[in-house]
Amino acid sequence: MKMTSAQAAKVLRQLNDEHNTVLYRESSTRSFLASVGEDVGSVRPEYDYEATQAKLGEIETKIRKLKHALNVFNSTTVIPEYDMTIDEMLVYLPQLSQRCSKLSEMKDAIPKVRESAVYSRSSAIIDYRYANYDIEKAAQDHRDASNELAKAQTALDLINNTAELEIDL
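Heads up, the sequence shown is in my numbering, so the first residue is 356 and it goes up one at a time.
I should point out that these hints are in silico values taken from the structure, not numbers from a laboratory. Mixed in with the good hints there might be a few duds.
25 Å max Cα-Cα, derived SDA-like pairs, lysine to any residue [stated by the list, open to error]: (1) Lys420 - Ala361; (2) Lys417 - Thr407; (3) Lys417 - Met356; (4) Lys420 - Tyr379; (5) Lys422 - Met356; (6) Lys410 - Leu524.
Start from the sequences and build out the full structure, keeping to the hints where you can.
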């Protein structure tokens, strides 16, 4: 079946949710308590070991196939405007985010700021912390990195929502 990466991610979430539901139901019904003298048959919950294991195996197989197809797609599909595969882009985006965070702090710095004294108040020494870089340049680099991050995210979103992959579920 053909689907986009975004659609495949939704199917994967549904499969994981279904798997968790089967596991939860199994853990709730695979054993039970009965009081002495109570009719065990009347309190026994419905549980079919073989059917449950088969269902879990079926879901796990689908998850494996889907993840494999996504991995192949991500490692072979190139985002044209970046000349990067999707998996490279998935490394690049966090790098850009980290750069934006660092530059955000740097652009907000004050060129000269008085340091709080952590030692004796009787000292007459006043310390200042100086920015050792061009704050305006950091602000421009922050704008550039933020714009690049938005552009890269949009390019990835476009591929994930338009390019189709073949998945045999």
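Each hint, compared with the structure:
1. Lys420 - Ala361: Judged against 25 Å, a Cα distance of about 16 Å means the pair holds.
2. Lys417 - Thr407: Cα-Cα ~16 Å, so holds.
3. Lys417 - Met356: Answer holds: lysine 417 to methionine 356 is near 13 Å, not above 25 Å.
4. Lys420 - Tyr379: holds (23 Å)
5. Lys422 - Met356: Judged against 25 Å, a Cα distance of about 14 Å means the pair holds.
6. Lys410 - Leu524: holds (14 Å)
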